[in-house]
Amino acid sequence: MEDAILRQRQHGGGGGGGNASLPEHVIFDVLSWLPAKPLCRFRCVSKAWRALISDPAFVAAQRSRAGPLLIGVFHGPQKPIMHMPWYRDTLELRVMDMHGNVLRVVDDVDQTKLQRMRLGLVCLAHQVFDTGAAMDPATARALRIGGYLDDPAADDPMIQFSTFGRAMPSGMYKAVRIYDKFCQIATLEEGAGGGAELTWRQGPAAPFLPCCSSRCTPMEDGVYFLPCSIHCFVPGRNRVAAFDLETEEWKPVIQFPRATMWPTCLVELNGTLAMVESEEGLCQTNVWLLVDSEKSIWIKQHVIQMHKSWRIEPLEVLGDGRVLLMNLVEKQRQGSHRLTLRWILQLRDPNTGAHTDLVEMPREYKGQMALYRGSLLRCSSAF
Amino acid sequence: MEVDKGKGEAEETRKVAEADRDTVTLKSSDGKLFEVSKEAAARLSTVLAGMIAGGSIDDNGTDLKQIGSEALENVVDYCNKHANSIPSAALISSSISFNTAPFKEPEEWERKFVDRLSHDALFDLVEAANFLGMERLLDVTCHKISEMMKGKSPDQIREVFNIKNDYTKEELEEIRQELAWAFYDD
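Chains A and B are the protein sequences, given in the same order.
1 is the number of the first residue of the first sequence in full-length UniProt numbering; add one for each residue after it.
1 is the number of the first residue of the second sequence in full-length UniProt numbering; add one for each residue after it.
A few of these clues could be false.
Using 27 Å as the maximum straight-line C-alpha spacing, the simulated DSSO-like pairs for lysine-lysine come out as follows [to be verified]: (1) 152/B <-> 47/A; (2) 164/B <-> 47/A; (3) 300/A <-> 251/A; (4) 38/B <-> 27/B; (5) 331/A <-> 308/A; (6) 366/A <-> 331/A; (7) 27/B <-> 65/B; (8) 150/B <-> 169/B; (9) 366/A <-> 113/A; (10) 150/B <-> 47/A; (11) 47/A <-> 169/B; (12) 181/A <-> 79/A.
Here are some, though not all, of the chain A residues that point toward chain B, as calculated from beta-carbon distances under 10 Å [unchecked claim]: (13) 23; (14) 37; (15) 105.
It should be emphasised that the hints constitute simulated quantities derived from the structure, not laboratory data.
This structure is a prediction, so every number in the text was calculated from the model and none was measured.
Here a beta-carbon is modelled for each residue, glycine too, at the ideal position from N, C-alpha and C.
Let the sequences and hints guide you as you build the complete structure.
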């Protein structure tokens, strides 16, 4: 391996001593600066390079240099309908870096509701039916985790809600389907293949029925749900449900910070559950952090005044305390008095309240963004 | 982001006194002598720091048989420029970097320093930095090489690094199919 990785370059005179070579750790350093796409291509250079690029230590080093990656849903190019003279719209997933460089496109996905999660896999749901799927963006392989209840004893097949997360400390990925009277759990076996049938076991009923996947967020200690937005004002329903993936039981519900509030989403910020709330006719966004789940204690960590802004979705808190967020901003169209709305990826300094624009999302952005914690360098699927 | 460039050039042309105790003399493989400040050498190179501490520095020129004169000149140039650059802390706040690794991305003057190098000179400098244990210079030069690699095909990379293709045609085709997305334009 060492031999193949060494460089046997001829010096053009005036150089060092004849055939010089770059040791493996130098090659490691050079390659760790590269983004995923050329790296995947450079697996073809030699077997030694392929081994290096697949090495977990290298994958970790490369990721720390690339910074956080995002995955979002975008409108893709139209595609012809088979044997028909018409075209249909498509949607695609894009993995991108903080500068807006697109690293990977998974085209023509049919499940397009993206759950806010911070895993190497993404959970997608169908726009109309909540038939969820787990997808590995590195390989574009999807595993269906949702579906109608096919129990012949049930007289009325229920549409359910499905999600998945990673159970800790076991580290196993588990899928959860929630019906009105019970839930079902399945373990996603590693290397089982995309066509694998999951084995479902029955679990306890949820304290309330979640309404859509975008109001759910999987975290290390469980999957958290918000009730349907029209239920948020109903006394007794203004709370957060949490399913412990490790013990496969429901945790005690968590009360909202205030009795009447309108949370727009749950998100994990630095390992803490955060609830995002719009206030005062959308003029202000509050980000509440859950500090004690047993006593339902929240603190209002960020108060974001929204000037010409319609919606704010925090994504991550960086090491230096700055908040990475998506901001839906109104903009004047060029040469027109009409206003248009555009999503902008921004960094917010919590001390000064200043927002720095990073990337304006292209027109085809559909409005769902999550952090991507996986590595595009893998070529074998996680399931 | 303004970096003081003028100071570096002035330092470069400075004639170093022959028997100045603040400097060390380095000798390239082809016998040319270079002087560099002892402080900078010890701070930037673990190997030179070890030699200075161990007293194995030769006043008539410490032999560095592995390093050619062109590469050594660049090493000395880098040490001098580094000594005169604005401390990086002042720059960090104004730039947007997501790098969480202990290595920071190259600063403006470091980019300019490596940009002017020819292909061969760059590779020689990488080897020199590696040999002398100059971590920062190694990072900066490796970063530059990685930038040159973007958008290149595996064939072009094999040529640049002079690597033998040890795959069979079938194996290559298999990887290409598995990772088809990576073979479109960058």
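Here is how each hint holds up against the structure:
For the suggested pair residue 152/B and residue 47/A, the alpha carbons sit about 18 Å apart, so the restraint of at most 27 Å is met. Proximity of residue 164/B to residue 47/A is assessed by CA-CA distance (about 10 Å); at most 27 Å being required, the pair is judged to hold. Restraint check for residue 300/A and residue 251/A: the C-alpha separation of about 23 Å stays at or below 27 Å, so the hint holds. Distance restraint check for residue 38/B and residue 27/B: the Cα-Cα separation of roughly 15 Å lies within the 27 Å cut-off, and the hinted pair is therefore satisfied.
About 8 Å separates the Cα atoms of residue 331/A and residue 308/A, which keeps this hinted pair within 27 Å; it holds. Note on residue 366/A and residue 331/A: the hinted pairing holds, with a Cα-Cα distance of about 17 Å set against a maximum of 27 Å. As the CA atoms of residue 27/B and residue 65/B are separated by approximately 8 Å, the hinted pair is consistent with the 27 Å bound. With a C-alpha separation of about 24 Å, the suggested pairing of residue 150/B with residue 169/B holds against the 27 Å cut-off.
Restraint check for residue 366/A and residue 113/A: satisfied, since their Cα atoms lie roughly 10 Å apart, inside the 27 Å limit. With a CA separation close to 20 Å, the supplied pair residue 150/B and residue 47/A stays within the 27 Å bound. Pair hint residue 47/A plus residue 169/B holds up; C-alpha atoms about 13 Å apart against a cutoff of 27 Å. Annotation: proposed proximity of residue 181/A to residue 79/A is violated, straight-line Cα distance about 41 Å (limit 27 Å).
Here the hint on residue 23/A is kept, as its CB sits about 7 Å from the closest CB of chain B, short of 10 Å. Here the hint on residue 37/A is kept, as its CB sits about 5 Å from the closest CB of chain B, short of 10 Å. Taken as an interface hint, residue 105/A checks out: its beta carbon lies about 7 Å from the nearest beta carbon of chain B, inside 10 Å.
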